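Visitor: Next come the chains, spelled out residue by residue.
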Amino acid sequence: MRLALEAGFWLLALASYWLLPDQLPLLSQIAIGALFVLSLDLLVGYAGVLTLGHAAFFGLGAYAAGILAQQGWGEPLSGLLLAAVLSALLGLLTAPLVLRGGDLPALMVTLGLSLMLGEAANKLPGLTGGADGLLGVEIWPIFGLFRFDLYGHTAFFYSLAVLFLLFLLARLITAAPFGLALRGIRGNARRMPALGTPVRARLVAVYALAAAYAGVAGALLAQTTQFVSLDVLSFQRSAEGLLMLVLGGLGALYGAMIGAAAFTFAHHVLSEMSPLFWQFWIGLALVALALAGRGGLLGLGAAALRRWRA
Amino acid sequence: MMAALATEGLTRDFGGFRAVADVTLALAQGARHAVIGPNGAGKTTLVNLLTGALRPSAGRVRLGGEDVTALPQHARVKRSLVRTFQINQLFPDLSPEEAVTLALLEREGLTTRWWRPVAAHGAVLAEARALLDSLRFTPAEMRAGTRSLAYGRQRLLEIALALALKPRVLLLDEPAAGVPPGESRAVLEAVAALPRDVTVLLIEHDMDLVFRFAERITVLAQGAVLAEGAPEAIARDARVREVYLGEATHG
Numbered sequence: 001m002r003l004a005l006e007a008g009f010w011l012l013a014l015a016s017y018w019l020l021p022d023q024l025p026l027l028s029q030i031a032i033g034a035l036f037v038l039s040l041d042l043l044v045g046y047a048g049v050l051t052l053g054h055a056a057f058f059g060l061g062a063y064a065a066g067i068l069a070q071q072g073w074g075e076p077l078s079g080l081l082l083a084a085v086l087s088a089l090l091g092l093l094t095a096p097l098v099l100r101g102g103d104l105p106a107l108m109v110t111l112g113l114s115l116m117l118g119e120a121a122n123k124l125p126g127l128t129g130g131a132d133g134l135l136g137v138e139i140w141p142i143f144g145l146f147r148f149d150l151y152g153h154t155a156f157f158y159s160l161a162v163l164f165l166l167f168l169l170a171r172l173i174t175a176a177p178f179g180l181a182l183r184g185i186r187g188n189a190r191r192m193p194a195l196g197t198p199v200r201a202r203l204v205a206v207y208a209l210a211a212a213y214a215g216v217a218g219a220l221l222a223q224t225t226q227f228v229s230l231d232v233l234s235f236q237r238s239a240e241g242l243l244m245l246v247l248g249g250l251g252a253l254y255g256a257m258i259g260a261a262a263f264t265f266a267h268h269v270l271s272e273m274s275p276l277f278w279q280f281w282i283g284l285a286l287v288a289l290a291l292a293g294r295g296g297l298l299g300l301g302a303a304a305l306r307r308w309r310a
Numbered sequence: 001m002m003a004a005l006a007t008e009g010l011t012r013d014f015g016g017f018r019a020v021a022d023v024t025l026a027l028a029q030g031a032r033h034a035v036i037g038p039n040g041a042g043k044t045t046l047v048n049l050l051t052g053a054l055r056p057s058a059g060r061v062r063l064g065g066e067d068v069t070a071l072p073q074h075a076r077v078k079r080s081l082v083r084t085f086q087i088n089q090l091f092p093d094l095s096p097e098e099a100v101t102l103a104l105l106e107r108e109g110l111t112t113r114w115w116r117p118v119a120a121h122g123a124v125l126a127e128a129r130a131l132l133d134s135l136r137f138t139p140a141e142m143r144a145g146t147r148s149l150a151y152g153r154q155r156l157l158e159i160a161l162a163l164a165l166k167p168r169v170l171l172l173d174e175p176a177a178g179v180p181p182g183e184s185r186a187v188l189e190a191v192a193a194l195p196r197d198v199t200v201l202l203i204e205h206d207m208d209l210v211f212r213f214a215e216r217i218t219v220l221a222q223g224a225v226l227a228e229g230a231p232e233a234i235a236r237d238a239r240v241r242e243v244y245l246g247e248a249t250h251g
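Same order as they appear, the protein sequences are chains U and X. Numbering follows UniProt numbering, in which position 125 of the first sequence is assigned residue number 125; successive positions increment by one, without gaps. Numbering follows UniProt numbering, in which position 25 of the second sequence is assigned residue number 25; successive positions increment by one, without gaps.
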């Protein structure tokens with residue numbers, strides 16, 4: 001049953017290519033958003049570390065891949081790898097600051113770091129293009145075969161494939177002892193040292209992992225749009241990521257991805273219907289879901305399914 | 001003979017308040033030792049100093065001869081110094097089976113493992129079920145959410161998490177606290193069933209339990225050791241009766 005649902009999810013994701021052929025850029029954007037929210041879920045949903053500045057890693061990955069391509073090396077997979085490595089390093093570097101205190105210090109430190117990075121990108125136009133954005137990003141064909149086209153065909157399959165592979169890895173990690181220990185830390189961080197777990201070391205590891213995931217998501221955006229603007233580092237991106245996560249359901253990988261899809265679709269549809277008013281409806285849905293518990297849309301779906309089968 | 005657990009002049013100040021004052025203890029391997037004392041005597045602070053949850057202001061902690069004063073809590077657990085908590089420290093979202101499995105995986109040093117599902121660790125899962133079964137958890141209880149268990153069951157799970165780590169030295173911080181009398185027997189049985197070479201330090205309020213279990217008793221008062229001796233001697237000690245048992249011996 002579970003496996004059938006999972007297969008259905010991915011088949012639907014793939015089928016969206018034929019179902020919404022005019023919306024390929026939007027679909028790629030959803031896949032990239034889903035990867036970003038997956039990264040937040042590892043950190044927030046599984047390990048219980050709060051952050052308001054996750055865009056720092058997304059933005060670093062975007063600029064890393066973008067600048068690499070702009071400087072003449074447009075091979076996409078090495079761009080992803082560079083983004084992952086640099087973001088993970090930034091994660092390792094900043095983890096001690098973020099994990100020092102409790103939830104509130106973590107929120108403030110992550111927010112502060114991402115604001116600093118955003119301002120640095122703004123003040124370094126020679127490197128980042130500043131407010132004009134990074135131009136001249138040219139990405140080579142994937143494996144030398146699949147050229148990025150204007151309509152977003154390649155971008156769609158590329159984004160979805162990267163999301164799928166990194167999802168499989170996240171699924172493996174969260175089902176493994178390491179993932180169980182993260183759930184233990186979120187559940188009771190006071191008990192874990194009494195079981196012999198070096199809590200800090202585990203949290204640093206998952207922080208770096210989540211940073212790498214976010215960096216890859218940023219790199220995907222840079223490569224598929226062949227452009228990087230300052231908003232990759234914006235507070236709004238960090239906040240929207242959290243919104244998507246809560247919307248979809250914390251601590252469940254499918255929740256993260258469903259949240260990203262639902263939010264982006266809702267944004268798209270509602271903002272066309274009422275360009276000024278769409279955030280009201282998002283806000284309403286969010287309040288309702290947050291009050292309903294950690295489960296989000298995924299939790300509601302699971303509950304409905306149980307009722308239907310009973 | 002080398003003590004399994006020993007302290008030398010252990011002291012902890014909170015601001016101007018001395019919660020634990022110059023406590024020197026030595027527990028031989030296999031000891032069944034109890035620490036008693038009125039509320040505020042420093043019992044819980046002592047446990048936190050022994051486990052490494054708190055750093056002492058002065059003094060040393062030795063574990064099997066090794067000075068562990070500077071080691072953090074998790075490193076002491078790796079050296080088989082294990083505790084239970086006076087107030088349950090459980091995992092509300094995990095089932096008892098998952099929680100005990102987590103403890104076992106940690107004992108085996110496997111929680112850095114990210115490439116193999118927990119479900120593929122058959123021997124660990126079987127051990128978790130066997131341990132819970134020995135504490136008379138039903139299969140349904142093993143898989144229920146911890147938050148839905150009755151308090152007495154949660155108390156047993158608290159003990160189970162400690163037993164799963166196969167301690168050589170076990171600190172029990174008021175294990176029977178809040179457990180209805182009928183169920184406290186299960187807690188006692190679990191402790192009594194420990195191998196004889198496990199060293200047990202019992203911090204307890206319940207005098208019945210202490211006198212049934214302990215072979216040696218230390219009485220704390222205002223953070224300092226007031227008396228130490230065999231249960232009969234402690235029961236007769238006039239000073240102990242005065243500060244702790246609350247019996248006026250004169251006037």
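Just so you know, the hints here were simulated from the structure itself, not pulled from any lab data. Mixed in with the good hints there might be a few duds.
Said to hold, decoys possible - Computed beta-carbon distance windows for the label pairs: (1) X:G109 to U:L3: 54 to 60 Å; (2) X:T24 to U:L300: 38 to 44 Å; (3) X:A126 to U:Y151: 54 to 60 Å; (4) X:I87 to U:L97: 29 to 35 Å; (5) X:A70 to U:G72: 50 to 56 Å; (6) U:G293 to X:A123: 31 to 37 Å; (7) X:A120 to U:F265: 34 to 40 Å; (8) U:N122 to X:A126: 24 to 30 Å; (9) X:A193 to U:F265: 54 to 60 Å; (10) U:R309 to X:A193: 40 to 46 Å; (11) U:K123 to X:A120: 26 to 32 Å.
As the list claims (entries may be wrong) - Here are the simulated SDA-like pairs of lysine to any residue, each with C-alpha atoms no more than 25 Å apart in a straight line: (12) U:K123 to U:E138; (13) X:K78 to U:R190; (14) X:K166 to X:R212; (15) X:K78 to U:G187; (16) X:K78 to U:V204; (17) X:K166 to X:G16; (18) U:K123 to U:L93; (19) X:K78 to U:R186; (20) X:K166 to U:R200.
Bear in mind the structure is a predicted one, so any value in this text is a computation, not a measurement. Cβ atoms here follow ideal geometry from the backbone N, Cα and C, with glycine treated the same way.
Visitor: Which numbered conditions among the earlier hints are violated in the structure presented, ordered from lowest to highest?
Guide: 1, 2, 8, 11 and 17
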